[in-house]
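Visitor: Chains as they are written, first to last, in the numbering used here: chain A, 1 to 326; chain B, 327 to 834.
Check each hint, because a few of them may be wrong.
[Claimed, not checked] Which residues of chain B face chain A? A partial, calculated answer using Cβ under 10 Å: (1) Leu525; (2) Leu620; (3) Arg668; (4) Thr687; (5) Arg802.
[Unchecked claim] Distance ranges between label pairs, derived from CB positions: (6) Glu443(B) <-> Ser299(A): 33 to 39 Å; (7) Ala628(B) <-> Pro40(A): 46 to 52 Å; (8) Gly565(B) <-> Ala145(A): 45 to 51 Å; (9) Gly358(B) <-> Lys300(A): 48 to 54 Å; (10) Ala322(A) <-> His492(B): 37 to 43 Å; (11) Ala145(A) <-> Leu600(B): 48 to 54 Å; (12) Ala345(B) <-> Ala325(A): 32 to 38 Å.
None of these hints come from the bench; they were simulated from the model.
No residue lacks a Cβ here, since even glycine has one placed at the ideal position from N, Cα and C.
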Amino acid sequence: MKKLCFAAGFLAAAPMAAAETPVLDVLTYDSFVSEWGPGPAIEKAFEAECGCDLRFTPAGDGAALLARLQLEGARSQADVVLGLDTNLTAAARATGLFAPHGQTPALSLPVAFADAEFLPYDWGWFAFVQNKTLEAPKDFKALVASDLKIVIQDPRSSTPGLGLLMWVKAAYGDEASTIWKDLADNIVTVTPGWSEAYGLFLEGEADLVLSYTTSPAYHLIAEQDDSKTAAVFTEGNYLQVEVLGKLKATDQPALADRFLAFMLSDAAQGVLPTTNWMYPAVTPATGLPKGFETLVQPSKSLLLSAEEAEALRGPALDEWRAALAR
Amino acid sequence: MARRAGALIAGGVALATLAPVAVVMAQAGGRGLTAPDLAALRFTALQATLSALASVTCAVPLARALARRRFPGRGALITALGAPFLLPVIAAVLGLLAIFGRSGLLNAGLRALGLPEVSIFGLGGVVLAHVFLNMPLATRMILQGWQAIPAERLRLAESLGFTPRHYWQHIERPMLQDVVPGALLAVFAICLTSFAVVLTLGGGPAATTVELAIWQAVRFEFDLPRAASLAVLQVLACGGAVLLAGLVARPSGFGAGLDRVLPLPAPAGWRKGLDALVIGLASLFLAAPLLAVLARGLPGLAGMPAAVWPAAATSLAVAACAAPLAVGAALTLALGRAQGRRWLGPVAMLPMAISQLVLGTGLFLIVFPFVNPASLTLPVTILVTALTALPFAYRILAPETQTLQADYGRLAASLDLRGGAALRLLVLPRLRRPLGFALGLCAALAIGDLGVIALFATEDGQTLPLVISRLMGAYRMGQAAGAALILVALAFAVFWICDRWGRHGTEL
């Protein structure tokens with residue numbers, strides 16, 4: 001009986017204790033919180049030092065994340081938004097919901113990067129991934145001249161798809177339309193998201209798939225399969241820089257700042273390469289995981305500013321659609 | 327009582343479907359529809375029409391062959407017809423590609439023979455995939471029609487010395503006129519909102535659907551009124567099809583029978599050969615990609631993550647709540663429709679044409695000011711799943727409910743048989759077969775549907791389709807294939823149990 005009373009008292013006290021612990025709400029994309037993503041490890045590490053409850057809310061992919069934020073507006077319960085990329089940050093900034101992060105980390109990005117509201121936490125080069133047995137095309141011109149088959153993602157529904165659109169635009173400007181027209185007979189199909197495209201590639205439906213230079217690291221490290229590589233293009237490979245930001249309306253500003261700083265600390269950065277399969281924004285003291293040294297390194301990196309990307313998206317999409325619609 | 331229930335349910339369905347669209351429509355912004363949107367609408371309607379025609383054209387001879395032939399494995403084959411419809415879309419697409427893709431069996435064969443390769447990507451591939459997914463459903467719907475021909479008419483036909491041509495003229499054609507428009511409509515509506523199949527196999531932006539335009543409007547442009555306008559456009563397209571089907575459909579008017587089981591005449595000679603050919607080809611077409619799904623999934627089963635099992639339990643719980651809800655509502659609407667309230671039919675079909683993304687967004691906008699959407703994950707998932715499954719249940723139940731009313735309506739009225747007694751003594755025994763089929767289909771759909779959960783998702787409490795999509799997003803395609811296999815097995819088991827219950831004691 002005594003034991004039972006104790007248990008009952010304990011159970012009654014548990015919710016109270018939880019109510020006193022501050023909660024940090026982080027809105028992010030789905031693959032971040034999955035058990036194979038960085039979420040669980042980061043949650044554990046941050047909760048161990050913050051004395052708080054870190055709660056992730058998954059909202060589809062990067063683009064769905066932005067839509068979700070716009071749906072919620074100033075009433076959002078989220079304190080931090082994690083997982084936008086630079087092709088989306090201009091639209092996110094325009095909502096006026098984000099506060100300056102006030103941090104000046106020493107970033108290990110291949111390009112200079114500064115943004116008052118959005119802090120990078122990881123990055124990667126977009127690249128066409130292929131089997132090593134295939135001779136990699138040197139650039140877009142070599143790709144369109146070849147009869148290699150590629151599978152890409154739709155820029156209207158997928159962030160890598162949008163990245164490729166910006167890549168061609170950044171590399172070729174007004175000539176982009178010609179590249180797309182010539183590329184049309186290489187494109188097997190345009191999938192709604194990254195997963196479908198990568199799945200088709202692994203099933204042998206295409207020679208190359210739009211993904212990241214870090215994708216072969218997954219096969220090497222998680223599957224001990226070193227048969228995949230990525231093509232480095234002489235025009236340069238476009239970057240995807242993933243960022244997080246603090247919301248003005250947060251009720252936990254100090255905790256949010258602490259989380260932002262934590263995301264750039266070794267504890268979080270060391271988790272990202274083998275869970276998100278991207279490069280850390282600040283290389284941890286222990287360096288990159290074994291296997292990353294085998295990855296190809298583009299010598300030239302392309303990245304449009306958030307504002308340029310936002311301005312170019314509409315016209316570039318029309319151009320893309322006109323060039324590919326038969 | 328039943329009258330009020332019908333109107334109440336119809337009102338609820340209309341409210342649950344249209345209120346979210348209205349809320350989305352009422353948001354600020356609005357760029358209006360553009361030329362590419364209209365091109366998308368044209369393509370959407372074209373592929374859905376072709377898919378519906380192709381599926382039903384293949385389904386009619388198959389249903390006839392299955393109805394009049396008896397052979398070992400026939401029951402298993404009819405049950406297996408439920409399977410393609412239940413596959414997660416991406417698993418179905420990869421299964422088809424294993425046969426028809428660039429490195430699939432077909433092209434390997436063509437290469438070996440020195441023949442040119444064929445590409446599945448494009449309009450042809452989209453239609454092929456839709457036929458694979460929906461022809462079995464259409465076959466089952468049409469087979470119900472053959473099964474419902476009263477034995478007395480067959481006796482009469484036999485005593486009059488009907489030849490196969492006479493059978494066609496006086497029995498089969500009227501029956502098909504009753505059943506086929508509904509089957510066409512169901513497949514058309516499914517293909518109208520089909521998204522991942524069309525994009526993945528479409529081959530490029532020429533194959534753009536209205537649903538993709540909605541995605542773009544919501545996610546990249548945040549132009550909600552435009553998304554809602556597109557959703558309305560989709561409803562109108564489906565509404566047109568409902569009207570058309572209503573004009574074409576004719577009740578077969580066979581009258582009631584005494585439920586004696588009599589096999590259909592099975593003409594010998596070349597007709598027997600043709601039936602065998604039809605059954606053989608259809609089995610091959612349906613089984614080959616299914617076997618490919620099995621072959622892809624089996625190796626992945628070894629390393630199943632622990633998260634799969636609680637997710638499977640959640641999916642089963644959703645199905646257990648949503649399926650009876652959907653079938654109960656569909657039965658009430660179908661009974662009301664049979665008693666002459668014609669407006670109930672279009673209402674029952676409404677949820678089928680509604681964009682899931684707009685529905686989810688609208689529901690989110692409605693609940694967000696009041697409660698944390700994450701706390702409503704399960705109820706919203708159940709509601710939306712039941713809503714999307716309702717039209718399927720209605721299409722299955724409607725023809726036989728109509729027949730029930732025509733055959734027994736007056737008798738029931740003269741006996742003053744109403745309410746619970748009518749349900750127990752008349753409706754449930756007479757409609758057991760379609761009810762079992764509808765219940766199984768709805769439950770299986772509920773297990774396989776990702777639906778609007780994305781906007782209401784939480785860190786935990788995931789369903790099986792969500793686990794599959796997360797596995798794929800984390801490069802784990804093999805495990806995803808394994809989890810997809812578990813999903814199919816579960817959905818199929820649930821379907822089999824319900825369908826079995828429905829077919830208990832019948833010849834089907």
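Visitor: Hint by hint, note whether the structure agrees.
Guide: Tested hints:
{"no.": "1", "hint": "Leu525", "in the structure": "holds, 4 Å"}
{"no.": "2", "hint": "Leu620", "in the structure": "violated, 15 Å"}
{"no.": "3", "hint": "Arg668", "in the structure": "violated, 38 Å"}
{"no.": "4", "hint": "Thr687", "in the structure": "holds, 7 Å"}
{"no.": "5", "hint": "Arg802", "in the structure": "holds, 6 Å"}
{"no.": "6", "hint": "Glu443(B) <-> Ser299(A): 33 to 39 Å", "in the structure": "holds, 37 Å"}
{"no.": "7", "hint": "Ala628(B) <-> Pro40(A): 46 to 52 Å", "in the structure": "violated, 23 Å"}
{"no.": "8", "hint": "Gly565(B) <-> Ala145(A): 45 to 51 Å", "in the structure": "holds, 49 Å"}
{"no.": "9", "hint": "Gly358(B) <-> Lys300(A): 48 to 54 Å", "in the structure": "violated, 41 Å"}
{"no.": "10", "hint": "Ala322(A) <-> His492(B): 37 to 43 Å", "in the structure": "violated, 57 Å"}
{"no.": "11", "hint": "Ala145(A) <-> Leu600(B): 48 to 54 Å", "in the structure": "holds, 51 Å"}
{"no.": "12", "hint": "Ala345(B) <-> Ala325(A): 32 to 38 Å", "in the structure": "holds, 36 Å"}
In summary, the numbered hints that this structure violates are 2, 3, 7, 9, 10.
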